[in-house]
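Trainee: These protein sequence lines map, in sequence, to chains A and B.
In terms of numbering that gives the first Met the number 0, the first sequence opens at residue 0 and continues consecutively.
In terms of numbering that gives the first Met the number 0, the second sequence opens at residue 0 and continues consecutively.
Worth flagging that the hints you see were computed from the coordinates, not collected in a lab.
All C-beta atoms in this analysis are idealised placements derived from N, C-alpha and C, irrespective of residue type, glycine included.
Treat the hints with caution; some may be incorrect.
[As the list claims (entries may be wrong)] Below, a list of computed lysine-lysine pairs in the DSBU-like style, where the Cα atoms sit at most 35 Å apart:
#1 B:K414 to A:K319
#2 B:K3 to B:K241
#3 A:K323 to B:K485
#4 A:K323 to B:K447
#5 A:K314 to B:K159
#6 B:K44 to B:K199
#7 A:K271 to B:K197
#8 B:K447 to A:K314
#9 B:K199 to A:K271
#10 A:K275 to B:K197
#11 A:K115 to A:K275
#12 B:K282 to B:K225
#13 A:K319 to B:K447
#14 B:K485 to A:K314
#15 B:K203 to A:K317
#16 A:K326 to B:K197
#17 A:K406 to B:K197
#18 A:K271 to B:K485
[Claimed, not checked] The following label-pair restraints were derived from C-beta to C-beta distances:
#19 B:T51 to A:S437: 17 to 25 Å
#20 B:T51 to A:F363: 33 to 41 Å
#21 B:K462 to A:D387: 52 to 60 Å
[Claimed, not checked] Sample of chain B residues with no beta-carbon within 12 Å of chain A, all distances over it, derived:
#22 D53
#23 F162
#24 E206
#25 L234
#26 D451
#27 Q467
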Amino acid sequence: MNINKNHKKRKGIFGYLTERNILVCFLIISIVIISSPFLLRTLLGNHQLIGNIPYYDSKCVEDIKNNSFPCVFDPYHYVQLVFSFILPINLISIILPALFTFIYLIIFYLILTNLKIERFSKSLILFIFLTSPAFVYSYTFYPSISLTLLVFFLSFLLMLKDPKIARFFSFLLFILLPIFNILASIIAVITLLLAKTNLKIKKEDVKKKVIWMLIVSFFYFAPLYFKPNLLLPNLEIRNTFFQSVISDLGGMAGFGVFVIMLALIGFVVTIKSKEKLYYSYLMIVLLLVTSLYFLYSFVYLSFLVSIFAAIGLRKIIKMKWQLKLIKTLTILALFYGIIFSFVSFGVRVVNSEPNDNTINALLFLKPYEKGIVLSDQKYTYLVENVADMPFIFDESFKNQRKNIEIKNDVNILFHTRDVEELKILMHKNQIAYVILDSDIKNREWKLEDDGLLIMLTNDRLFKNIYKNQGIEIWEYKLYYTD
Amino acid sequence: MDKKEIIGLSIVFGLVLSLRLFLVFQTSTFDPDAYNIIRHIDFEKKNLTPLTNDELSYGGRTIVNLPAFSYIMTFFSVLFPTELVGKILPNIFACLIIFVVYLISKDLTKNKFASFVSAINAGFVPIFFAKTTNNISLYALAIPLMFFIFYCFIKINEKKDYFFYFIFSLLLLRVLHVSVILIIISLLLYLLLLKVEKIKTTRKEVELILFSTFIVMWTLFLTFKKPILEHGFSLIWRNIPKSVLSNYFNELNLFEAVHYIGIIPVLLGAYTLYRCTVAEKSKKTSLFVSFSLLIFVLLWLRLIELDIGLILLGIVFSIFLSKAYVFFFRFMGNVKISRLKNAIGILLVIIIISTSFTTSIAYTKQSLKDSVSEEELNALGWIKANTELDSVVLGTLEEGYLITAVAKRANIADKNFIMIKDASQRVDDIDLLYNTVYETAALGVLDKYKVDYILFSDIAKKKYSIEQLKFINDKCFELVYSEGIKIYKPVCVLK
Chain A
0 MNINKNHKKR KGIFGYLTER NILVCFLIIS IVIISSPFLL RTLLGNHQLI
50 GNIPYYDSKC VEDIKNNSFP CVFDPYHYVQ LVFSFILPIN LISIILPALF
100 TFIYLIIFYL ILTNLKIERF SKSLILFIFL TSPAFVYSYT FYPSISLTLL
150 VFFLSFLLML KDPKIARFFS FLLFILLPIF NILASIIAVI TLLLAKTNLK
200 IKKEDVKKKV IWMLIVSFFY FAPLYFKPNL LLPNLEIRNT FFQSVISDLG
250 GMAGFGVFVI MLALIGFVVT IKSKEKLYYS YLMIVLLLVT SLYFLYSFVY
300 LSFLVSIFAA IGLRKIIKMK WQLKLIKTLT ILALFYGIIF SFVSFGVRVV
350 NSEPNDNTIN ALLFLKPYEK GIVLSDQKYT YLVENVADMP FIFDESFKNQ
400 RKNIEIKNDV NILFHTRDVE ELKILMHKNQ IAYVILDSDI KNREWKLEDD
450 GLLIMLTNDR LFKNIYKNQG IEIWEYKLYY TD
Chain B
0 MDKKEIIGLS IVFGLVLSLR LFLVFQTSTF DPDAYNIIRH IDFEKKNLTP
50 LTNDELSYGG RTIVNLPAFS YIMTFFSVLF PTELVGKILP NIFACLIIFV
100 VYLISKDLTK NKFASFVSAI NAGFVPIFFA KTTNNISLYA LAIPLMFFIF
150 YCFIKINEKK DYFFYFIFSL LLLRVLHVSV ILIIISLLLY LLLLKVEKIK
200 TTRKEVELIL FSTFIVMWTL FLTFKKPILE HGFSLIWRNI PKSVLSNYFN
250 ELNLFEAVHY IGIIPVLLGA YTLYRCTVAE KSKKTSLFVS FSLLIFVLLW
300 LRLIELDIGL ILLGIVFSIF LSKAYVFFFR FMGNVKISRL KNAIGILLVI
350 IIISTSFTTS IAYTKQSLKD SVSEEELNAL GWIKANTELD SVVLGTLEEG
400 YLITAVAKRA NIADKNFIMI KDASQRVDDI DLLYNTVYET AALGVLDKYK
450 VDYILFSDIA KKKYSIEQLK FINDKCFELV YSEGIKIYKP VCVLK
C-alpha cells in the first residue's frame, strides 16, 4: 500500500497525464477559448462581429445570393450560404468558424496521437497552440481560414490511416486544397515532403498528391492571375515585421515573446537532426516572408512554432536541475508568461473594433445619397457592407494596380493644408463623405489642427452630419457641385 | 577579504566619497534632471504611492517607471532633508563600485595590488564620476549593483550564498532600472561565447541564466505592457523626438571614449579585451568580455545612450586594468629589465590614477556649472507663490522637471517622453518659440498649449544662443518678473 502511494507521489503531475485526461482537458479548454472572445464581447455590450473580414464574408454571401459576384472565390462563402437559409448571417459568422475550429482541433489532436507523440509533449503542443494569439486570430478576425484548416488537417489525418477509402478521400481533399487557399496548398506540399522524410509513407503516394495539387493549382490560379482580386488584401498590418510577429508588441496575430524564446530553444535542441527538418525550416522561412503580406500566415506558422516551443519547454522541464527552487520558479514564470501574452491578446480581441457605435454611425450614413467614403483602412468592407456605400479602399482592392496610387492620395488628403490640393484629390477620387474616429485621429494626427482636421473646420468645404461617441461623419459639400 | 584589504578599500572609499561630497557641496542646487526624482520623492512622501498620473508634466500624463530608487530616496528623506539626501546618498551608492570592482578584479587575477589599482580607477572613471555626483542619478546605485550581480554569478559555483545574493540583487535591479536587460543579454552572450570556445558550463550557471531570462522578461513585459504596445521598438529610444535624439544616442567616437574613460584604461582595456578574446580564454573573464562586446555593439548601433554605454565600458575597462597589470608583469618577468618592474609598476599606477583623477575633477566641475542657478530657483519660487495653481509655464525642455518640481506648475514638455504622442511636436514648438522673431508664430504656440507664463532663463540663453526673446513687445507680453531670469505673461490672443 505504502509502496503504491510512494510510487504515485513520485509520478507527480505526470501520473495524471492519461490519454483520457488529456483529451477531456483539451476539449474543455478548447471550448472555453473558442467561445470566450464572442461571449465576453457580448457580455461587455458589444454585439458586433470581430474585425472587418467577417463583414466581407457576409457581403460575399449576399452577392452570391444576388448572383453578382465580385468576391474572391472561397468555398467558405458557399457553406455560409447554405446555413444562411436557416440562421441569420451574423450568427453564422460566429458559429461556423467556431465549429470548424473545434473540429480541426480534434483532428489535430488525432494526428498527434496517430504520430505517437508522447503524451507530455502532446499536452505541451496543445497548450501552446491553444494559447497562441495566432490561433485566436484565426477564428475571430479571419474566419474563413478555419474551413481551410479543417480540410488541411482532415486530408493529413486520412493519409495516416490504412483503409483505401481513407487514402482516396485524403487524395481528394489534397487536390481540392488549392481552391481553398493558395498558401494552404503550398504549405500542404511542403508538409507532404516533410512527412515523406520523417514518416513511413509511400513515396509514390506523396509524389502523386504533389503532382495533382500542382496541376489543380495551375488550372485554378492561371486564369485568376489576370483578375486583380486573386487574394484578400492584408488589412491588419500597419506594424513593422517584428511588431507583427511578436503579439506583445502590438501585433494582431503572431506569438507571445515566451513562445518565441521557447521555439528558439526547441530549434537549438533539434538542430542535431536538421537533415530531417529541412522542410520545416523552409516552411518557417516561407511563412515569415508571406506574413509580410498576409497576416493569416501566422496561423499556419503557429502549428510549427507550437511544436518547436513544446520541444523547448519539454527540454527545460525534463532537464536535471540542481536548484529545485529555481526550476519551479522558471517553469512558473514560463507558464505565466505564455498565459499573460494570451490574456493580453484576448483583451485586445474582445475590445477590438467594430463596436455598436461604429455600426450605428455607418447605419446613419446608409440613407444618404451614394458617394465614396474616405476613412482609414480599418473601415474596409464595413462601409460597403453596413452603410451600403462605396469605400475608397474597397475600390482600390478591386483594382489593385491603383492601390498604391489611392493610398498615396489618402495620405495626402489626411495631411495636406492646401485647400486646392484637397479639392483636386477629393474630386479625383469622387469622395463624398469622410469618417473619422478617435483612434484614427490619435494615430494619424498629433495635433488637433493638423492636415484634414483643420480642413474639416472649413464650413465651405465640409458639413458635419454625425458626431457621437468619438465617431464623426463629414459630408464634402463640393461633391455635388463638382 | 582580510583586514588590510578592508582598511585599504575603506580609505579609498573614504577619499573618493570625500572628494565627491566636496565637489557636490560647491553648489546648493542640482543638475536640472535631478528635479524629476525630487518631484517623485515629494509625491511619495505625501501620498506613499508612486507618481503614476502626473497632472503637471505635459499638462497631464501617465508615468510608467520603476519607482524603487525614488522610494529608497524617499525613505531617507523622511529622516533627513531631501536636498541633503540627494547630495549624499547617490554618492555613497556610486562609491560602492570601488568594493565591487576590487572583488571582481581579485577573483579574476588573484592579485591584490592590481585589484586595488582597478578599484581606484573605477572610483575615478571620469564619466561615471561626473554623471553621478550632482544628478541624483539612478545609475549611481544601478551600476554597482549590475557589477555585483556579475560578481555573484562568477562565484555561484564556489559558495551557495552567492546564489541567493545573485537572485536578490537581480530582483532589486529589476525593480530599480530596465538596465537589468543588459545583464540578461550578456549572460546569454556569455553562454554562446563559452559554447564557441568549447568551455564547459556548469548546470547551475545554465539554470540561473534560464531563470533570470524568463523572470526578467516576463516581469518587464508586465510592467511596460502599455508603453510597449504604444511605442513598439522605439521604446528602446524612449520615444525621444528625433530632433533631440542625438543628444542621447550619439555615435561612439574614440576620442570621446578616451576623454570620458581615460586614455590608459581605454588602451589597456582594449588590449585585455583582445587578449582575453583571442589568446587567453578564461571562463570568468568571458563574462566581462561578453558584456563589453555587448556594450560596444549597442553603442555602435546607437541602441544605448552614449553616456551610459561609456560608463559601463569605463567600469569594465577598470576591471580589465587589473588583468592588463598581471599580463604586463608576466611579460616583465620574461625580459631582462625585471629588476625595474616595481618602479615601472608604481609609475604606471601613478599615471593611471593621475590622468583619471584630473579628468574626473575637470569634467565634474564642468557639469557642476550646468547645475540650476539660485536665480532660477528664485524665479520658479516666484511662479509658485504668485501664479494660479492651474497655470501653464513654458520653459526649455531642460527646465521641464524644474517647472513641475519647484514651481509646481504644468509644463509643455520635459525629458520623460514615454507615452507622449506629440512629444516631437511639443519639442519643435518650444524651439520655435525661443527662435522665432514673429509675434504671431509665438502667439500661435502659446495659444496652442494655453501658456500663461514664459520662462526666459540662462539655460534658454545658452541653449538657443540668444540674449532676449526676439518676438517680445510690451503690448502683448507683460514682464512680470525680472531678476536676472525673466518671466513674461502673454496678454494677447491670436484670432
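Trainee: Among all the numbered hints in the text so far, which are the ones the structure does not match?
Mentor: 1, 2, 3, 4, 6, 8, 12, 13, 14, 17, 18, 23, 24 and 25
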